[in-house]
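Colleague: In case you want the letters, here they are:
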Amino acid sequence: MAEQNNTPVATEKIKKMLERKKDKTKLSLRMCAHCTLCAESCFLFMTRGKDPKYMPSYKFINSIGKLYKKKGEVDRATLEEIGDIVWNDCVLCTRCYCPLGIDIPDMIALARSICRTQGVYRQYDK
Amino acid sequence: MVKAERKPLEEIKDSIKRYKRILTVGCGGCVSVCLVGGQKEVNLLNAELNVSFKADNSPKQIDGYTVERQCNAQYLEELDYMVDNYDCILSMACGAGVQHLAERFPGKPVFPGVNTVAIGIDKDIGMYEERCRACGECVLAYTAGICPVTRCAKGLFNGPCGGTNSGKCEVSDDIPCAWYEIYNRLEKQGRLEDIMNIRPPMQWQNTTLRTIIQEPYKERYAKEE
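Protein sequences appear in the order of chains S and X.
At position 116 of the first sequence the residue is numbered 116 (this note's numbering), and the sequence of numbers has no breaks.
Each number in this note's numbering corresponds to the 1-based position in the second sequence with 1000 added.
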């Protein structure tokens, strides 16, 4: 992640971004039946000892799901945690499969976009 | 992955100087990994441009935004609502990303902020070496995993040429002769016969626009045509 920064989180900006995809996010979170069928479509899940933290559903529920449920009212530590999930546990290869049609990559991408606006992003020279 | 280098500041300035409001768009893909066009580099470039334009008494509004991958239309959507606020776009992505942006926003001038150099490998953080030129005609199977297109100055399929000199290329003593290396590696692997047959010349498929459809998807896209 980016260097520690103490800038206050611009929650209004996060809310605006959430609002833009509110319907899709809400529907996706409601639709997830926790069936775990998405798990085996994730190569990280398959190659890292089937650790549940790599399940696509876990990743999207604990990233955009968290932001949505908290209505964007998150602190920097939470954003860092979300950043860790969406960058370190997901490469956004877009290969994850949901039998109910949830667009998990789009949800993860939204979480990444929100993190980026707050200065939380992956740095490849660290 | 694709490797790129940032363009000189003066060249970038020259391309955007006539515009007042500039959006620098980073890419979270390959150019982030090679430390040239990600969010961090967008912030750095914008800071440099701001200082430089101010020093020229020509201050501008320069903002930055980084999308996941400029080569994927899905990730360009988030720019739709913001590009109207700018006079031009400065893309920090590879050539594919720049063109994709220009295609999506045909009414906006889109300028490249980086030079796309190669498909390469990571030697170290910030150090990359070219390995592939996407010629579309991979011959690595018979050249012992050494690409003659990338590493031979003449791109020969049947080498070495008369310019090979004690393992070096005639272009420079610092450049190893690719065909000398190919020979040595094949000899070590006991398969020198792989280069005994004359190979047909390169078809230079990469001089025309190519569309890649992976085998399992051919039927699907054939139906759509």
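Take the hints with a grain of salt, since some may be wrong.
Claimed, not checked - Cut-off 27 Å, straight-line C-alpha distance, at most; resulting in silico cross-link-like pairs (DSS-like, lysine-lysine):
| id | chain 1 | residue 1 | chain 2 | residue 2 |
| --- | --- | --- | --- | --- |
| 1 | S | K16 | X | K1060 |
| 2 | X | K1108 | S | K16 |
| 3 | S | K26 | S | K16 |
| 4 | S | K53 | S | K24 |
| 5 | S | K13 | X | K1188 |
| 6 | X | K1123 | X | K1188 |
| 7 | S | K126 | S | K71 |
| 8 | X | K1007 | S | K126 |
| 9 | S | K50 | S | K13 |
| 10 | S | K69 | S | K24 |
| 11 | S | K21 | X | K1060 |
| 12 | S | K15 | S | K50 |
| 13 | S | K53 | S | K70 |
| 14 | S | K13 | S | K26 |
| 15 | S | K66 | S | K24 |
| 16 | S | K126 | X | K1188 |
| 17 | S | K71 | S | K53 |
| 18 | S | K13 | X | K1007 |
| 19 | X | K1154 | X | K1188 |
| 20 | S | K13 | X | K1060 |
| 21 | X | K1017 | X | K1007 |
Said to hold, decoys possible - Away from chain X, derived, C-beta distances all over 10 Å, residues of chain S:
| id | residue |
| --- | --- |
| 22 | K69 |
| 23 | G72 |
| 24 | E80 |
| 25 | L92 |
| 26 | D106 |
| 27 | A109 |
| 28 | Q123 |
| 29 | D125 |
No lab work stands behind these hints, which were simulated from the structure alone.
Don't be surprised by glycine CBs; every beta carbon is placed ideally from N, CA and C.
Colleague: Work down the list of hints and note, for each, if the structure agrees.
Modeller: Consistency of the hints with the structure:
1. For the hint pairing K16 of chain S with K1060 of chain X, the CA-to-CA distance comes to about 26 Å; that is within 27 Å, so the pair holds.
2. This hinted pair checks out: K1108 of chain X and K16 of chain S have alpha carbons roughly 25 Å apart, not beyond 27 Å.
3. For the proposed pair K26 of chain S and K16 of chain S, the alpha carbon gap of about 15 Å is at most 27 Å, so the pair holds.
4. For the proposed pair K53 of chain S and K24 of chain S, the alpha carbon gap of about 23 Å is at most 27 Å, so the pair holds.
5. Straight-line distance between C-alpha atoms of K13 of chain S and K1188 of chain X comes to about 61 Å, which puts the hinted pair past the 27 Å bound.
6. This hinted pair checks out: K1123 of chain X and K1188 of chain X have alpha carbons roughly 25 Å apart, not beyond 27 Å.
7. For the given pair, K126 of chain S sits about 31 Å from K71 of chain S by alpha-carbon distance, which is inconsistent with the 27 Å threshold.
8. In summary, the hint linking K1007 of chain X to K126 of chain S is supported, as the alpha carbons are separated by about 23 Å, within the 27 Å threshold.
9. Of the pairs offered as hints, the one joining K50 of chain S and K13 of chain S is violated, with about 36 Å between alpha carbons and a cut-off of 27 Å exceeded.
10. With a C-alpha separation of about 14 Å, the suggested pair K69 of chain S and K24 of chain S falls inside the 27 Å cut-off, and the hint holds.
11. With a CA separation close to 31 Å, the supplied pair K21 of chain S and K1060 of chain X exceeds the 27 Å bound.
12. Only pairs whose Cα atoms come within 27 Å are accepted, and K15 of chain S paired with K50 of chain S is rejected, the gap being roughly 34 Å.
13. Restraint check: the Cα-Cα separation between K53 of chain S and K70 of chain S comes to about 21 Å, which is no more than 27 Å; the hinted pair holds.
14. At roughly 18 Å between alpha-carbon atoms, K13 of chain S and K26 of chain S fall within 27 Å of each other, so this suggested pair holds.
15. The straight-line distance between the Cα atoms of K66 of chain S and K24 of chain S is roughly 15 Å, inside the 27 Å bound, and the hint therefore holds.
16. For the hint linking K126 of chain S to K1188 of chain X, the alpha-carbon distance of about 39 Å lies beyond 27 Å, and the restraint is violated.
17. Taking the CA atoms of K71 of chain S and K53 of chain S, the gap is near 23 Å; set against the 27 Å cutoff, the hint holds.
18. Pair hint K13 of chain S plus K1007 of chain X does not hold up; C-alpha atoms about 32 Å apart against a cutoff of 27 Å.
19. Proximity of K1154 of chain X to K1188 of chain X is assessed by CA-CA distance (about 24 Å); at most 27 Å being required, the pair is judged to hold.
20. Taking the CA atoms of K13 of chain S and K1060 of chain X, the gap is near 23 Å; set against the 27 Å cutoff, the hint holds.
21. Taking the CA atoms of K1017 of chain X and K1007 of chain X, the gap is about 15 Å. The hint holds against a cut of 27 Å.
22. No Cβ of chain X approaches the Cβ of K69 of chain S within 10 Å, the least distance being about 22 Å, so the stated non-interface status holds.
23. Every Cβ of chain X is farther than 10 Å from the Cβ of G72 of chain S; the closest lies at roughly 16 Å, confirming the non-interface assignment.
24. Taking the minimum C-beta to C-beta distance to chain X, about 15 Å, the non-interface status of E80 of chain S holds against the 10 Å cut.
25. For L92 of chain S, the condition that its CB be more than 10 Å from all CB atoms of chain X is violated, with the nearest at approximately 6 Å.
26. The claim that D106 of chain S lies off the interface is violated: its Cβ sits roughly 7 Å from the closest Cβ of chain X, which falls inside the 10 Å cut-off.
27. The claim that A109 of chain S lies off the interface is violated: its Cβ sits roughly 5 Å from the closest Cβ of chain X, which falls inside the 10 Å cut-off.
28. Taking the minimum C-beta to C-beta distance to chain X, about 6 Å, the non-interface status of Q123 of chain S is violated against the 10 Å cut.
29. Listed as outside the interface, D125 of chain S is inconsistent with that label: its C-beta sits roughly 5 Å from the nearest C-beta of chain X, within the 10 Å cut-off.
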